[in-house]
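From these two lone chains plus the hints, build me the complex, please.
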Amino acid sequence: MNQQEIAQQKLVEIFAHFGKPSKFSKGLFVFLILIILFAFYAFILQITRGQIVTGMRDYVIWGIYEVNFIFFIGISYAGAMISGILHLLHVEWRKPIIRIAEMITVISVLIGPIYVLLSMGRMDRFLHIFEYGRIQSPIVWDVIAIITYLACSILFLYLALIMDYALLSDNQELKIPSFRKKIYRKLAVNYHETPLQKKLLNRGLSVMSAIIIPLAVIVHSVLAWIFGMTIRPGWHSTIFAPYFVIAAVFSGTAVLIIAMWVFRKYYHLEEYITEKHFKYIGLILLVLAGLYGYFTFSEYLTVWYGSETWELEVIYKLFDFSDYGAWFYLAAFVGVLVPMLFTGIPFLRNINTITIGSVVAVICMWIKRYLIIVPTLETPLLPNQDYRPEYVHYHATWVEWSLTAGGVALFLLFFMLFIRFMPIIPVADISEVPEKKDFISEKL
Amino acid sequence: MILKKIFQIILVLSVCSGFNRIARADELITPRITASYFKLSNGTKRITVALSAKENDKRVNIPNAELQIITQNETVRTVLGSIVTNQEGKASFDIEPGITLPRDPDGNYTFTVLFGGNTKLDKASQSIHVTDAFLEISLNEQDTIKTITARVFKRNEKGEKVVVPDVPVEFNVKRLFCLYTIGNEKTDSSGMCSTEFPSNMPGDKYGKVTIVVRMPDNETFGTVEENKDINWGKLLVYQTKPIRGLGDTDAPLWMVYALLVLLSGVWLHVVYIIILVIRINIIGKKVIKS
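Going down the list, the protein sequences come from chains A and B.
Okay, so the first sequence: first residue is 17 according to my numbering, each after it adds one.
Okay, so the second sequence: first residue is 408 according to my numbering, each after it adds one.
Since the hints were derived computationally from the structure, they do not count as laboratory data.
Since the model is a prediction, treat every value here as computed from it, not as a measurement.
Any given hint could turn out to be false.
Have a look at the derived ranges for each label pair, beta carbon to beta carbon [what the hints assert, rightly or not]:
1) 682/B <-> 54/A: 39 to 47 Å
2) 495/B <-> 397/A: 34 to 42 Å
3) 254/A <-> 495/B: 47 to 55 Å
4) 495/B <-> 342/A: 53 to 61 Å
5) 682/B <-> 43/A: 55 to 63 Å
6) 339/A <-> 470/B: 49 to 57 Å
7) 321/A <-> 653/B: 25 to 33 Å
8) 668/B <-> 104/A: 19 to 27 Å
9) 150/A <-> 439/B: 54 to 62 Å
10) 339/A <-> 664/B: 30 to 38 Å
11) 349/A <-> 689/B: 52 to 60 Å
The calculated PhoX-like cross-link candidates involving lysine-lysine, where the alpha carbons are at most 25 Å apart (straight line), are [unchecked claim]:
12) 215/A <-> 191/A
13) 191/A <-> 202/A
14) 696/B <-> 197/A
15) 692/B <-> 198/A
16) 214/A <-> 693/B
17) 202/A <-> 39/A
18) 612/B <-> 648/B
19) 497/B <-> 527/B
20) 561/B <-> 593/B
21) 215/A <-> 36/A
22) 111/A <-> 295/A
23) 692/B <-> 215/A
24) 26/A <-> 197/A
25) 692/B <-> 214/A
26) 692/B <-> 202/A
27) 215/A <-> 693/B
28) 465/B <-> 497/B
29) 612/B <-> 581/B
30) 593/B <-> 568/B
31) 693/B <-> 198/A
32) 465/B <-> 530/B
33) 281/A <-> 111/A
34) 693/B <-> 197/A
35) 198/A <-> 527/B
36) 593/B <-> 581/B
37) 553/B <-> 593/B
38) 615/B <-> 581/B
39) 215/A <-> 202/A
40) 202/A <-> 693/B
By construction, the Cβ of each residue, glycine as well, lies at the ideal position given by its N, Cα and C atoms.
One chain only, chain B, in its complex shape (with noise of 0.2 Å):
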């Protein structure tokens, strides 16, 4: 008897997932939109944006796929523009500064991505908020002690620059392939933190070092990013002479003379036999003359 309901039960199953499979066949697939919001050191306000989407259960990037960058509040909807997905399914808008963009009355920005859909795809959105931060950075030497302070600001609502506590914050140097991070601090109440910089850190032939500040993906802000140069690195010393060693293209010289040394000391006494043996005919046809 159970054997029998748990049969029904199955069989039910099977014909329902059946049904569903049919139907999803059907369905356009939801894709998802990841925005995220980057204001570089030059003013420049970045709109990255990744498109994916659920495909046999496998999350996949979506390609060639055309989205609009649009800004809004609660009046203006302006359409900055529009952007096409790499292979890796992203994309990225850049806002020139100057660029004048519509704000709430709190001051935040919003940010919309709209995909139109396509054949397979469903139309998609997602919206982002973002409050215009402001980094600055000074950079002092005190003694020996080099120090990198970091400052951060927001506008209040009457356009005042006003301090932002408590934000985390984070010291880097610019390195030839990716950032090395110095240090990570938080804002204290006057919106100030700072970091000492390492003595023992390479810079270029000058001493050179591009340092740079990021409040990294911070949920009100995004991540907001200022660099400055100094010449607070080591210099970097171009080596002039070549080495000479066993994995470089010239022999160390020890190994040149000694090699040097050997070879010539047999193939002179070669040539030492060779004269002996002319000698020896020489003397021969003196011989024969006699």
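Looking at chain A on its own, in the form it has when it is part of the complex (with noise of 0.2 Å):
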């Protein structure tokens, strides 16, 4: 058995060991499915009873729904993005994290249009869209963007274990179910590795990386122009399109790092997930949160300056603290600096930290997402006469809080459910990447 084959036979026991969930694996799950019931609870109550369940009114139509739909599309970026473009560059050190991400994209693209159907008065008119739907409508395009998105990251993910599961269901050592080794050939097309099907496979990889870039930016500047071509405060900007795929690409890569350190520390991944892919996917997210900031400051300083009327309305809800000020500051302000500082100040930048300010950021990019939304609806251009107080403010009932959380967890059982079936670090990938010296890591 050469290097390589004892590599790639560690990996493959790394995996089976997956398969056999621990006592804490097991009690996740049944907390996981028992969270998922409850909002399943949640959501009967809500076909049942109405909208009227949510916090939503006649003002504020989208409230955390929508929050989580930007969010987990937000997310998705870690897979397209970083994936992708390492991939095209034949970065090396991507091989080890690859996978987490392209994971976090399908599920975070599988999850988030869950939330538009929640946001629906009636779910049962969702097929209007294609029955009725017109082509001017940024919405139509969103639908059209976001199942394209989803076909071609399953294809990518796929493309990427092609592979993996050729080396998996002919290994002898692997102690599965038959059945499982059956589906793993099927899945796995016959591949054995000849210079041709080599070839072919990397060539479908390199397509879907081109590929999947420029569609994530898309899919993400749809998003915004669902905002920003209404004429509203807060969303009509120009801006918004980049502006939502900075952000996008910022959460994403906060997600990647917290999910690498989850892995790395729940699965003793330590060997294959080292500290210079912290340092490095940690670099992306300090120019990204710089990136951030930028756009952050730009739109607000532009608003402001205007003047405009209405558009001032909105902008002094936000840098009221009696309004939305103290969330206001702490994503525009903390959800910025404190990724800055951990993975820019070289004594403060190690695993834990980069970890943290990562966490920061990703809680900061769902309060940021909240107030895009709720404040602008808040504020009408007109008045509705004899309006009820509860209809202008906006508060998520528990109903909706149950469905966020569900949807938390139905990301998480995914993730679950995807590392018992899919090797989380290439095996068949993994064995290739020569050690050799690093010099930004070592200047890192």
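As structure tokens, this is what we get:
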């Protein structure tokens, strides 16, 4: 057995270990299922009683459901951008983390759109988008773009898995049920690593890497245009699309770092996901935090300077501590500065601090999405006559929070299921990584 | 002392006011009839009536009230018919052309609207005196200038037509929901006045417009109207092709093409990848066989 085979065998053993859930995994599984069941109860309640069980009313028609939708689509950028770009640039160190990124993409694109359906008063009318949808509508663009993005993300993940499935289906040491091996064999499409097969597979991966990047940009731009093309304060902005894209890559990268930390810690992948990976991805996070901060400053400065009455109404709500001020400053400053400090200052930079910075970034990015949607909807151009205060001020109800928790639980549950059937670190690929001296890592 | 006086005055006034109210509750309310005369272009004479009354210091319209329309002179009194007011307290009565109506020695008509009263409302009547007037319109086009000329006549004691000077005349063009006023003039000594027709006035698909000339609300003649159709308007060009824009059913073509190009660009690559996977499978099968 040569060095490469030993490395592969070790990964196969790790993968086999994932198949045997520990007590903690089982407990977590049950816990997540309970959360999902409770969310399902909330969902049934919403269906039977209508949107009155949510905090959404005549003014604020999009609440935290829409926030979650943007958030999940945003974190899908982890796979699309990080994985796609690093693959295209043939960056070798990407290999241990690339699968995690691709999984995040597929899972988040599967979960995100559920929240759009939850926002709808009549879910049965969703098909009207296909029957009566007008091409001029950004909502139709969004539906088309997300379906295409999901298809491409699944294909991208699958292409990268073909080599691993071939290796796992042929591995005699891997003790898994025979039906699973059969499924792996089918999914491996008779891949035997012949030069032609390898060439075709690499070509496919390169094509998908090249496609998934602009596609991801389009998806999030379209999402931004749903807001940007509406003449409302805080939304009607020309930089909204790139702003959304940067925010999405920022939050996606932060989620990737958190996932890396969890897998490294829990599955003892310290040999594969090293400090170097955290520092490299941390560096990307630093750049993205800077860009995101720049876009935020540019957006609010322009609007504030313009002094348009309606726009100022929203701006002052965001600046006012008695209103949304605390949340705004948290999202705009803490959410940018903390990740920058932990990734930018050398003596502060380590695996744990980078992860803490990422957690702060993820929380702040969720808050930021909330601040994009709710204050604007609470500021109508013409207030209704004799409106009730609860029609103006949005407060998410327990139903919405339950369904939000359900989405996060579903995200984690999908991850648990994915890693049982898919190697979290590319088995076939990892052994090819040459252990050469890394000057950038040393500098960092 | 002064306070005592003021108190006495207030007491007396209150008592009087109370008596007054009791008395008013038993009294019938006198309604108000407003009648106006309208002569249409086909010669029909229309009497329009509005019936209202004051109740609790508010003027209210009286619906479902029957009113008699009477025409009379010194010798003859003819009941022309009766009308019932609608929910707004209004009603109109048409006198077809050709019906001979009694006139007074000056050639004027007198119409009386009579309300018979009911349990709450007292009897009431309103008379209007009108002189029959005639409005003639002529339409002239010289070079590119189109002119509408109106001439107003009445009959003298001998029954001859004589011109009426210094009468306001309103020139209108009939639109879908109302009249569009294009000029307000007064007749000169020859009983004539004219106005220019605007060159940019839209007509129907043949350019036809209906010109309506009116002598509005004249004290002597009532309202007299005359109209004529002519193809002076701008031709109305119907949109035969559907507009493709943001607000239309069909999207702008560039948007459709852009979407098609983008979608086919991505999905063709997806198809290409699937073909690659199929090829990998075929090659694999060959390897197994060999």
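Results of checking the hints against the structure:
no., hint, in the structure
1, 682/B <-> 54/A: 39 to 47 Å, "45 Å, holds"
2, 495/B <-> 397/A: 34 to 42 Å, "36 Å, holds"
3, 254/A <-> 495/B: 47 to 55 Å, "54 Å, holds"
4, 495/B <-> 342/A: 53 to 61 Å, "59 Å, holds"
5, 682/B <-> 43/A: 55 to 63 Å, "45 Å, violated"
6, 339/A <-> 470/B: 49 to 57 Å, "54 Å, holds"
7, 321/A <-> 653/B: 25 to 33 Å, "29 Å, holds"
8, 668/B <-> 104/A: 19 to 27 Å, "23 Å, holds"
9, 150/A <-> 439/B: 54 to 62 Å, "57 Å, holds"
10, 339/A <-> 664/B: 30 to 38 Å, "46 Å, violated"
11, 349/A <-> 689/B: 52 to 60 Å, "58 Å, holds"
12, 215/A <-> 191/A, "30 Å, violated"
13, 191/A <-> 202/A, "18 Å, holds"
14, 696/B <-> 197/A, "21 Å, holds"
15, 692/B <-> 198/A, "16 Å, holds"
16, 214/A <-> 693/B, "15 Å, holds"
17, 202/A <-> 39/A, "31 Å, violated"
18, 612/B <-> 648/B, "16 Å, holds"
19, 497/B <-> 527/B, "19 Å, holds"
20, 561/B <-> 593/B, "16 Å, holds"
21, 215/A <-> 36/A, "35 Å, violated"
22, 111/A <-> 295/A, "15 Å, holds"
23, 692/B <-> 215/A, "17 Å, holds"
24, 26/A <-> 197/A, "18 Å, holds"
25, 692/B <-> 214/A, "15 Å, holds"
26, 692/B <-> 202/A, "12 Å, holds"
27, 215/A <-> 693/B, "16 Å, holds"
28, 465/B <-> 497/B, "17 Å, holds"
29, 612/B <-> 581/B, "15 Å, holds"
30, 593/B <-> 568/B, "19 Å, holds"
31, 693/B <-> 198/A, "19 Å, holds"
32, 465/B <-> 530/B, "20 Å, holds"
33, 281/A <-> 111/A, "18 Å, holds"
34, 693/B <-> 197/A, "21 Å, holds"
35, 198/A <-> 527/B, "97 Å, violated"
36, 593/B <-> 581/B, "21 Å, holds"
37, 553/B <-> 593/B, "19 Å, holds"
38, 615/B <-> 581/B, "11 Å, holds"
39, 215/A <-> 202/A, "20 Å, holds"
40, 202/A <-> 693/B, "16 Å, holds"
Consistency with the previously given hints fails for numbers 5, 10, 12, 17, 21, 35, ordered from lowest to highest.
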